[in-house]
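Sequence order for the protein chains is A and U. Position 455 (the first sequence) corresponds to 1860 in the working numbering; numbering is contiguous. Position 503 (the second sequence) corresponds to 1908 in the working numbering; numbering is contiguous.
No lab work stands behind these hints, which were simulated from the structure alone. Since no wrong hints were added, every one of them can be taken at face value.
Each pair of labels, with its calculated beta carbon distance range:
(1) A:Pro-1534 x U:Lys-1431: 50 to 60 angstroms
(2) U:Asp-1780 x A:Ser-1591: 46 to 56 angstroms
(3) A:Val-1468 x U:Pro-1462: 41 to 51 angstroms
A virtual CB, placed ideally from N, CA and C, is assigned to each residue, including glycine.
Each chain, letter by letter, is given below.
2 protein chains.
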Amino acid sequence: MKFGKILSVVVATSVAAMGLQASGIKLSDAEMKEATQVYFDRCAGCHGMLRKGALGPSLEPKVAKAIGTEALKMIVNDGTPGGMPGWGKSGELTPAQTDLMAKYMQIEAPMPPEKSMADMKASHKILIPVKDRPTAPEAGAKNWKDYFAVILRDVGKIAIIDGKTKKVISVVDSGYATHITRTGASGRYMYVIGRDGKASVIDLWMSDPKNVAEFRPCNDARSIDTSKHKDYLDKYAVIGCYWPPSIVTVDAETLEPLKIVSTASYTYDTNEYVREARVAAIIASHTKPEWVINIKETGQVWLYDYSNVMNPKITMIEAERFLHDGGWDLSKRYFMSAANARDVISVIDTKEGKLVKNIPSQGVKPHPGRGANVDHKTLGPIWITGHIGSNDIVAIGTDPENHPKNAWKVVKKFALPGEGGGNLFVKTHPNSKYIFADRPVNPDRKLQTQIYVIDKEKLEVVKTIPIDPKYLKSADPKVAMRGPVHFEFNADGSEVWTSIWGNKLTPSVILVYDSNTLELKSVIDDKRLITPTGKFNVTNTMKDIY
Amino acid sequence: MKFGKILSVVVATSVAAMGLQASGIKLSDAEMKEATQVYFDRCAGCHGMLRKGALGPSLEPKVAKAIGTEALKMIVNDGTPGGMPGWGKSGELTPAQTDLMAKYMQIEAPMPPEKSMADMKASHKILIPVKDRPTAPEAGAKNWKDYFAVILRDVGKIAIIDGKTKKVISVVDSGYATHITRTGASGRYMYVIGRDGKASVIDLWMSDPKNVAEFRPCNDARSIDTSKHKDYLDKYAVIGCYWPPSIVTVDAETLEPLKIVSTASYTYDTNEYVREARVAAIIASHTKPEWVINIKETGQVWLYDYSNVMNPKITMIEAERFLHDGGWDLSKRYFMSAANARDVISVIDTKEGKLVKNIPSQGVKPHPGRGANVDHKTLGPIWITGHIGSNDIVAIGTDPENHPKNAWKVVKKFALPGEGGGNLFVKTHPNSKYIFADRPVNPDRKLQTQIYVIDKEKLEVVKTIPIDPKYLKSADPKVAMRGPVHFEFNADGSEVWTSIWGNKLTPSVILVYDSNTLELKSVIDDKRLITPTGKFNVTNTMKDIY
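Isolated chain A, as found in the complex (with noise of 0.2 angstroms):
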């Protein structure tokens, strides 16, 4: 188990919050061990490690105790119409641990412990030194930049797939439940960070591409990005931890570690102080050497200047609380943030280092992924998002100087067909006349299994596509096939990739459609090719298309 460690330690530590606490509820060290394990990988992303809420509610124990623990178990179970899933439902959670979680949350949340230097220092590996890696595209990789990183989820891993071929090239271990992957600035390097909080870089020069280097600064994280000013290419890499809450800058070739940052800080609105001032994504300039960092629960951007890397200089933009993901408009100057527990789209104007306006997303929980840019014929530079808690895509004006009138609101708003929201992922290519959607956590069995295929024009969905039942089998009985889930293209933007969201048991598949006939084209079937979700095509992540 690759969090004993860390286990052992919050476990330990809860020992001391147990007797502190008044609740007739006693649970065992093992129990306390496999309950804790349970949170951090099912609760701790919406919730917190500390409970205090974030995408989804407060859970700490006077929340919890007032809903008391049946109503618990069937929330635990059954999932809630505002995003929660039915852990017990799907299989995923079994009935006693449904009722393990619901007496757990009724006690004090453990404290995580902080991350000590030691620890850091012991995570850090270089596996091939920078003098040992090739210094130009090897042989057998000279397709790289229209490589594809995918995201094997629950078994911490990543397949590199040519796109040209569409043969899996290579699989190489990531943390755990790997979050996203990024490209350096030149491409060669792709960057991953599991949910563990282990950061690792693969050498896409080589004809069977290795992690070169790993460093896990965090035991919880989201994001990683690089250095894409022009005068800092491949220089640096930053990790967004959740826990420690802390912005880590490591050498990009080697991850060696070069800074570390607190977020610990007070809310924007209420001046309140949070200690798990959680980083979510991280974005990189493309025309300043700036990060620009969401601070979920505090509610900022941060655009954290690394030109002298050792004492950087941080603009503390107030937005929303609750910042999520987002990306770029199509000009690459507004950053386009969802404070997804708000229902806000925050714009950031990263030229004029400001907030430009917080705008209502009319929908529930937006989450954009990075979103979806569209040069509109009438409406002029649009961004689109989904929503996950209803069936809203909603598009924004992102051109004030041309299109004023549109600039800064929802200029177009239109519905997945059928109920519920579900949406994870919009996404599209200058090169496609579509923007596709995903559902992969809307509850209804036919709404989660097809593509939405969007006009960019008409801004309407023109199509759905089911997915054949064949990629849908699942060989463990107790979790379906979930669907398809998240879009990427190739960096001709002819074609657009969607995995099948399975289980452990079952090799998967992604299947590969014509980006504007729509003609499933291939179906890369790989028995590696297990839980397949995220994918990064390296023209498009270097160069941010969406």
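Dock chain U against chain A, hints included.
Frame of chain A; chain U shown alone:
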């Protein structure tokens, strides 16, 4: 008791902590309350609320237990040669309290409470609204630019004294044991910060200067300053909190809170997380909209750009750990900052926004206050500091352009006569031939009670001025009058003032000397002058002349 409310929270919190500690030592609630108060008053300044150490060593229970009760009692009673005062010997703690503190050190430190926004807002009072304040100096206030604000430390008051008439014009309430006062950029307002975190602002344009607003954002604080850039005159003030460790920006006229930024972060060298990263000296740039802020425990100097006050831009400069006080060089470009527990002066170039150098101070525990600047005939511009832990006075060259050979090193070192350190302040003025130095924490009675006069050109002590014993008569048989402490010049620099630091039972005096002939010119003797310490002349404070 001013601290009743905080203490009850601290003590309530401590009950939990007590439950956890394995030490055989048990304290009653009343003892915990008393010990917590004594710790706050006498110990926290040097050892930290969480006892992690700063100027003084760590006092965490594991350390204290290793020392043992008897040795701890001896240290608390007698002090140490390193600068720890003998609290028992001096009569400031009773034998019972000395005993209590030796025990208290061996149990877990109670976690001080976070300051809630509600607590904060409840403490904010506009005593005289802006519209009801004078629009020009009132008739009785014609000398306001030569007023002195004098801290009456142990009674929580500020005396406003006319620098021309030497009359006490008014005595106003302040926070407890005020640490510093600063003027706004126009000089009209005098800002005061108590050790208890209470800030107040006095309007010097009134014939009878009064507090016009007060606000207590912290439980423990040391610093306050104002926006001194020409575009922000009298616009903002900034309060540096020890606990909760944070920077609080307020409206300069009303002290209304605007923005809080946490300073909890990582040590610059070992990358360890420090919850209690305290704000030590703050100094306002005259040329940029920027505050220069010492973050003690992490060893960073923050350049805090307040031009967009709700979205501050902070440059985090690595300097040295345990930054405490410091001041401008003669050009006001370089901030000379003492990392006292590391015996280092860190030089920050505020024009370039970077560390110039960490300079070993060649003495033990430098304590410059703001230091003293001299434009020396042969050495060029130099900046001078004394030390608490040794009798060294050192001069550092500060003009890399015209005196590059002398820049950023100790160019002259000389000693105060007699053994031991104990110097707290040096001060000078362009119109005086001398630098004046005190020695109030030297244990030797004679050394403690004289003024040391340093010739600016010779850079040596040319005279000592013993204080007439009639000014040192203590009404409290247990606590001697400590002797002269801190110097300040009048606006034209012709006079230098020093306080006789006494005790709560004894009205004391301020002695006024001719700054060139060294003659005693006046004795300011007023029954209200109880424990006078720091003095701040409006013109010199406004212009940072020292």
